[in-house]
Amino acid sequence: MTQTEISTTSAPEAVPAHAPTAQWKWWQYFTFNTDHKVIGIQYLVTSFIFYLIGGALATAIRTELATPAPNLVTPETYNGLLTLHGTVMIFLWIVPAGAGLANFLIPLMIGARDMAFPKLNAVAFWMIPPSGLLLVLSFFLESPQAGWTSYPPLSLMTGKVGEGLWIFSLLISGTSSILGGLNFLTTILRMRVPSMKLNDMPLFCWAMLATSGLILIGTPVLAGALILLAFDLLAGTAFFNPTGGGDPVVYQHMFWFYSHPAVYIMVLPLFGVISEVIPVHARKPIFGYQAIAYSSLAISFLGLIVWAHHMFTSGTPAWLRMFFMITTMIIAVPTGIKIFGWLATLWGGKIALNSPMLFALGFIAVFVIGGISGVMLASVPFDIHVHDTYFVVAHLHYVLFGGSVFGIYAAIYHWFPKITGRMMNEPLGIVHFVLTFVGMNLTFMPMHELGLLGMNRRVALYDPRFTTLNQVATVGAYVLAVSTLPFLFNAVWSWMKGEKASENPWRALTLEWQTSSPPEIENFEVLPVLTTGPYDYGMNHHSESMAETTAAATGSS
Amino acid sequence: MNIPSQILTLLAGIALTLISLWYGQNHGLMPVQASDDAVAVDGLFNAMMTVSMGIFLLVQGVLIFSIFKFRRRAGDETDGPPIEGNVLLEIVWTAIPVVIVLVISVYSFDVYKSMGGFDPEASDDPGLVQVAMMPDSESNAAFNTASDTASAPLINAPRHHHHHSVALGIGASPETANKPADVTVNVLGMQYAWIFSYPESGITSGELHIPVDKDVKLTLKAQDVIHAFWLPEFRLKQDTIPGQDSELRFVPRRVGDYPIVCAELCGAYHGGMVSRLYVQTQEDYDQWVQSQVALKDSQESAKTSTVASLDAIADPTPNMGDRATTSPDPIRQQISQKFGIDDSLLNQVQPATPTTATPTTATPATATPTTAPLSAMHS
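From first to last, the protein sequence lines stand for chains Y and U.
If you're matching positions, the first sequence starts at 1 in this note's numbering and goes up one per residue.
If you're matching positions, the second sequence starts at 1 in this note's numbering and goes up one per residue.
Isolated chain U, as found in the complex (with noise of 0.2 Å):
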C-alpha cells in the first residue's frame, strides 16, 4: 500500500506541474502586445501564473483530498491523531515562499529596469535633467517650448518649477537612457479628456498618434483633479497628478489602434474619459501631422469669429482658448471646451443640436441614455 501512494503522490506532483506551466503559457488572459514593455511585462505575469496555478492547485488539491478521505464517519466520536507540528515541515513551507517571492521580486526588479523604471531622467526634476543632459541647442529650445506652452494653460502653472525634485513614470530604457526620445508628446489630462499636444509641430488633438519603432516619450500633466494614463496594450499606466509632471516612455511595436483609458476615478464622467492610440507607419504618421497642421491653420483664422462667444461662457477653467481639438465645429467645440467632454465621444452623443444647457445634459452618460455613446469606444 505504501509504495502506490506514493507512485500516486508523484504523479499527482507531475499532473500539477505540467498542468502550471501550460496555464501559465496558454491562460490567453491579456491583450495583444504592442510594445517591448508589454512583452517583458507578460513574460513576467506567465512566470506568475505558473506558480499560482501550483499552489492554486497544491492547496486546493489538499484540501479537496482532505474533505474526502478524512471526513468524519456517522457515529465516529473519537479525536484525530494528537499531532501538533513538525518542525521541518514548518521549516520548509516557509522557506520555499520566502525562495519563491525573492525570485519574483528579483525578476519584477529585471522587468522594471528592462522598461526604463530606472531612469534617472524619470526619476528626477526633467527639466534640469534634460538641461543637463541634452547640449544640442535645438532640442533644448524644443523642450523649453514645450514646457511653456504645456504648462501655460494649467490653473497651478507656478507649480511646474515647484521643490517636488521627483518626475514620476516609466522613462527610457537602459539602451536609450542617453538620447532623446524621437516622438515626444506633452498630454494633458482633464475632466474628462485627454488633450495632447505636439510640441515639435505645434499641434493639439483628442486622439494619440505616434509613429511605430519610435522612441516615444509622453510627458503627463494633469489639469484638474488626478487621472491615470492607462494603455492596456502597452501594459502601461501613470497617474497623472496636478503640480507633479510623470512620463511615460515606450517604444511601440505594432501598427493598430488601442484605447486610451482614465484609470483613476476623477469624477462622475470618468467612464467616458476615453481615447484613441493610433501607432500608423511614419509616412501615415507625417501624414496626420501635416493635415493637423493644416487643420489648426484653418482654425487659427477662424477663431476670431468663434473666440467671443467661446467667452461669453462662464469659464471656470482660464486659457481654455488654447484646447483645441479636433472638431472642426465650433459649438461642438465650445461645449467640449466648456464642459471637458473628449470632442470624439461628443460627436457621438450630440452629433447636431448642441445647447447651451447645465453640463448634466450636455454630458455623454445621460444626453443619449442608450447605447450610442459607446460606439464611441470603437469597440
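Chain Y with its partners taken away, still in its complex shape (with noise of 0.2 Å):
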C-alpha cells in the first residue's frame, strides 16, 4: 500500500481541543449514552452474558446426550433448549458481539469521532436487552420448541405463547442489526479522515461494509418471514400453514435467505478481526491487501445465491439444487483467498505467541475445518445422506464456535487494552486458549462421524451405538464451559487492577492505536492524519515518522 500523506492545514477540522482526560463515569455505561465506545462495550457485555446464557443451555443439551435415553428433561424441555440455544447464540451473541467492535473500533480506525447517527446507535443497542429478556422469559413460560429454524407447520403447532415471543424477540433484534447495519454503512463511506481513501482502510471495516450490505438486503426478508408466521400463529392465516393452502417451503426460502447470510454476518467482522490481529503480532504487512478486502464483498455477493443449499432435501427442484450446489461451492474462492493470505503473512514474519495471536492462529486452524466440510455439504448427492444430521452440527460449530467465538476473543484479548486501558494477564489467556482449543475440537471433532454414521440432529434420545461418540463430546462440552471461567476472571480482574496499558502496546499502526488508552470521550483530542498505511510494517521509509506517531509507546515498552 502507498503511504498517504497530506499537510495539516488541508485536514477542515482542526477542531477545539477537548480535556484530554475526559472520560465517563462508570454509572454513565449503564445509561442511553450516544458515544460509539460506551455503545460498543454495551454491545460487548451484554452479549457475553447471552453467551453464557446460551452456553449453560448447551451445558444441558450435551448432558441429557450423555447417555442414549432421554433421562434429564422432558422433551418438550429438550425441544426448548435446543431452540433457545441456537437462537441466543445467532441473535444475542454473535451478531451483537460483531456489532459491539464494530461500534468499537469503526470510528476509531477511520479517524472519526463517533457514528454517523449516535442517537439511532444507542437505540440500536437498547433493543438487544428486551429482545433477549424477551427469550429468556419464554423459557419459564413456554419454551418455544420448533428449532431456531421454527419451521412451520410444526412452530404453528408447539404452542402459540413460546413461539410468539420467540418471534417478537426475533422482530425486535432483527431491527436493531438493521440500524446497526444502516449505521456502519453510512459511518465507513462519509466518516473517514480526508487522507484515508477506501483502500487506505483496515481491513475490519472492508469486512464491516460487507457485512452491513448482507444485513440491509437480508434481514428485511426475515422480518417479512417473521412477520407472515406470527399472523399464521395468532390471526390463523395460512400464508405457510398447509391447511389451509400455505406453503411451508416458502417460509424456508424465506428464512434461509436472510440466515444463510447471516453466516457470514456473523463471520466476516471476525475475518476482519484476524486481517487486523495477525499483521501486528507477525509484524509483517497483510499479504495480499486487495483481495482480502474485495473477497469480503464477494462473500457478501455469493452469500446472497447461496441459500437454498439448506433445503437440498426439502421442496427444492433438481435444477435448483445443481444452480445453489455451484454457488455454495464458488464461495469457498474467496473465503480460501483470506486463509491463504493470512498464512502467507505468517509466512517469514515474527509471531508473537501472546493470547491475541494463539486465538488468531486457533481461528484458521478450526475454521479451515469447518470451511472443508462446508464444500462437502454443498455437493447435493452428500448433502443428501448428511443433511439435519450431527455432521451439519459440527460443520455449524467449526464455523461459528471456531470462526466467529474464536475470532471474538482474539478480538477482546487484542482490543483489550485500547476498551480498557489495561493489560489482560497473560498466562490466564494461555491457559484460556488450550482449554477453548481443546474443548472445542473435543466436542466437535466426534460429531462429524455420528453424523456420517447416522445420528439425526435435534434429538434427545439416539441409538446406543452412538453413545461413546456422545460421551466425549460431552467431555468436552464440559471442557468448554470451565474454559469461560479463566476468561472471566481475567478480564474481570484485569479491567479492574490490570497494569496499565500504553496508547499503542503491540505497536500497531492503525489509527484507534494513536490515541489515549482507554480513547477520550470524543477519540482524538485533534484528527489524525494517514502518514502509513494500516499494514505498513517493517518498511523501512516509514521508520522515521512511525518513531514519531508511536515513541511514547515504543519507549516505555
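None of these hints come from the bench; they were simulated from the model.
Honestly, I wouldn't trust all of these hints.
Just the calculated beta-carbon pair ranges, DEER-fashion [claimed, not checked]:
| hint | chain 1 | residue 1 | chain 2 | residue 2 | range |
| --- | --- | --- | --- | --- | --- |
| 1 | U | Leu8 | Y | Pro130 | 47 to 53 Å |
| 2 | U | Trp22 | Y | Pro464 | 30 to 36 Å |
| 3 | U | Gln25 | Y | Ala56 | 40 to 46 Å |
| 4 | U | Arg71 | Y | Tyr294 | 27 to 33 Å |
| 5 | U | Ile96 | Y | Arg190 | 38 to 44 Å |
| 6 | U | Val183 | Y | Ala56 | 47 to 53 Å |
| 7 | U | Gly61 | Y | Ala56 | 44 to 50 Å |
| 8 | Y | Leu133 | U | Asp76 | 35 to 41 Å |
| 9 | U | Gly61 | Y | Leu198 | 45 to 51 Å |
Beta carbons are placed, not taken as given, at the ideal position from N, Cα and C, and that holds for glycine.
Both chains come to you apart, so use the hints to assemble them.
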C-alpha cells in the first residue's frame, strides 16, 4: 500500500481541544449513552452475558446426550433448550458481539469522533436487552420448541406463547441489526478522515462494509417471514400453513434468504478481526490487501445466492439444487483467498505467541475444517445423506465456534488494552486458549462421524451404538464450559486491577492505537492524519514517521 | 542449504499426497453400503475426503511450521520483511480452488444424475407423468388406487392436486427411467411414526419390507408437519412435506435390516420416530406379504368390535381408522393411533398396562425413563 500523507493545513477539522483525559463515569455505561465506545462496550458485555446463558443451555443439552435415554429433561424442554441455544447464540451473542466490536472500532479506525447516527446507534443497542429478556422469559413461560429455524407447520403447533415471544424477540433484534448495519455503512462511507481512501481502510472496515450490505439486504426478508409466521400463528392466516392452502417451503426460502447470509454476518466481522490481529503480531504487512478486502465483498455477494443449499432435501427441484450447489462451492474461493493470505502473512514474520495471536491462529486451524466440510455439504448427493445430521452440527460449530467465537476472543484480547486502558493477564489467556481449543475439538470433531454413521440432530434419545462418541462430545462441552472461567476472571480482574496499558502496546499502525487508552470521549484530541498504511510493518521509509507517532508507546515498552 | 530445503518440501508434498490418498479410501466413516446409490455417494465422498485431507494437511502444516520457524525470539523488536503480496501466487491460489470446486461440482452432478435426481417423474407432477408414461392399464389402475388410498386419510387431501407441479426427491436411475418400479410403497410420515402401505396387496405396516435387487419406489407424504425420511445405509433422504408429494427410488442390494430415521425436527418425540427397513429375498418378502394379508383379514373382522372404543377417544386427526398397524393388540393399536407413536416402539414401552392417560405418559420418552425404549432401536 502506498503511503498517504496530507499536510495538516488541509485538515478541515481542526477542532477545539477537549479535556484530554475526559472519561465517562462508570454509571454512564448503564444509560442511553450515544458515545460509540460506550455502546460498543454495552454490546460486548451484554452479548457475553447471553453467551454464558447460551452456553449453559448447551451444557444442559450435552448433559442430556451423555446417555442415549432421554432422562434429564422432558422432550418438550429439550426442544426448548436447543431452540433457545441456537437463537441466543446467533441473535444475542455473535451478531451483537460483532456489532459491539464494529461500534467500538470503526470510528477509531477511520479517525471519526463518533458514528454517523449516534442516537440511532444507542436505540439499536437498547433493543438487544428487551429482545433477550423476551427469550429468557419464554423459557420460563413456554419454550419455543421448533428449533431456531422454526419451520412451519411445526412452529404453528408447539404453543402460541413461546413461539410468539420467539418471533417478537427476533423482530426486535433484527431491527436492531438493521439499524446497526445502516450506521456502519454510512459511517464507513462518509466519516473517514479526508486522507483515508477506501483502499487505506483497515480490513476490519472492509469486512464491516460487506457485513452491513448483507444485513440491509437480508434482515428485512427475515422480518417479512416472521411477520407472516406471526399472522399464521396468532391470526389464523395460512401463508405457510398447508391445512389452509399455505406453502411451508416458501417460509424456508424466506428464512434462509436471511439466515444463510447471517452466517457471513456472523463470520465476516471476525475475518476482519483476524486480518487486523495477524499483521500486528506477526510484524508483517497483510499479504494481498486488495484480494482480502474485495474477497469480503465477493463473499457478501455470493452469500446472497446460496440460501437453498439448506433445502436440498426439502422442496427444491433438481435444477435448483444444481444451481445452489455450484454457487455454494464457489464461495470457497474467496474464503480460500483470505486463509492463504493469512498464512502468507505469517510466513517469514516475527510471530508473537500471545493470547490474541493464539486465538487468531486457532481461528485459522479450526475454521479451515468448517470451510472444508462446508464444501462437502454443498455437494448435493453427499448433502442428501448428511443433511439434518450431526455432521451439519459439527460443520456449523466449526464455522461459528471455531470461526466467530475464536475471532471474538482474539479481538477481545487484542483490543482490551484500548477498550479498558489495561492489559489482560497473559498466562490466564494462554490457559483459556488451550482449554477452548481442546474443548472445541473434543466437542465437535466426533460429531462429524456421528452424522455420517446415522445420528440425526435435534434428538434427546439416540441409538445406543452412538454412546461413546456422544460422551466424548459431552466431556468436551464441559471443558468448554470450564474454559470460560479463566477468561471471565481475567477480564474482570484485569479491567479493575490489570497492568496499565500504554497508548499502543502492540506497536500497531492503525488509527485506533494512535490515541489514548482508553480513548477520550471524542476519540482524538486532534483528528489524525495518515502517515502510513494500516499494515506497513517493516517498511524502512516509514520508520521515521512511525517513530514520531508511536514514540511514547515503544519507548515505554 | 537451498537444495535440501527444496528436497524437504518435495518430500513433504509426496507424504501429504500419499496420506491424503490413503485416508480418502480408508476413513471408515460411512455405514455399510446397501444400494448402488450408496456406492456412488461414497465414491464422491472418498474423493472429497482425499482433497480435503490434502488441504487440511497443507494449511495445518504451514501453520505449525510457521509457528515454530517464524516465532519471535525474545528481545527481537524488529519487523518481518515488508512483503505486501505476490500477484502470481494469488492467482495460483485462486485458480486451484476454482478448478477443485468445479471438478467436485461436475462429479457431484454425475453422481446425482446416476442416482436419479433428474428423473422427470420425480421432477414433475407424478400424476400427470404417470398417466402419460404408463399405457399399461393395469399399472395405471394400481397407481390410481394407490394415490386414492394414500391420500384419503390426509387432512389436506384436496391438496394432492394442488398447483405444485413439482414432486421432489430421487427418481429412477437413467437406466430404469422409462420403466415402472417393481415395487411401490406409499410412505406416510406422522407424529411420530412412519406408516407404509402397499397398494398392490392393500397391506399397511409400521415397518418397511422390500425385496432385494428390485427397483423400489417410495412415494412420500406427510400428514401433520414436515418429516424427513432417511435411510443412512442407502445415503437417501427426502423431506416429507404436508401438501407436497415426494419420492425416493432405489435398488436395495444387500439383504439385512436397517434403521429408518426421521431427520427433520417434528416435535417433542422426534428422536423416537424410528422404524426398520427389512431388505429380504424375494421368497421371504412374498412370505411376509402373505402373512400381512392374512393379518389384515383377521383385523378387518376384529375391527367391528374395537371401532367403537376407538371412536370414543376424541381424535384430532380424522379417518385414523385406516391407519392399521402391525399390532394385533387392539388397545395398543388404539394408543398408537391416538397419539401417533410407532407401535413397535410402544411395544417396548407399554408392554402390559396401556392407559388412556395424557399424551405425555403414553409416549416413549417419559413413560419409562430408562434405556428400555431404546431397545426398540435394535442397535
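Results for each hint:
The supplied range of 47 to 53 Å is broken by Leu8 of chain U and Pro130 of chain Y, whose beta-carbon atoms lie about 60 Å from each other. Hint check: Trp22 of chain U to Pro464 of chain Y, Cβ distance near 32 Å, so the stated range 30 to 36 Å holds. Our hint of 40 to 46 Å for Gln25 of chain U and Ala56 of chain Y holds, since their Cβ atoms are close to 42 Å apart. Distance hint check for Arg71 of chain U and Tyr294 of chain Y: the Cβ-Cβ separation is about 31 Å, which falls inside the suggested range of 27 to 33 Å.
Distance hint check: the CB atoms of Ile96 of chain U and Arg190 of chain Y are about 39 Å apart, consistent with the given range 38 to 44 Å. Evaluation of the 47 to 53 Å hint for Val183 of chain U and Ala56 of chain Y yields a pass: the beta carbon distance comes to about 50 Å. Checking the proposed 44 to 50 Å range against Gly61 of chain U and Ala56 of chain Y shows it is violated: the Cβ atoms sit about 37 Å from each other. Restraint check, Leu133 of chain Y to Asp76 of chain U: a C-beta distance of roughly 51 Å breaks the suggested window 35 to 41 Å.
A C-beta distance of roughly 35 Å is found between Gly61 of chain U and Leu198 of chain Y, which places it outside the suggested range of 45 to 51 Å.
Hint compliance for this structure: hints 1, 7, 8 and 9 are not met, and every other hint is.
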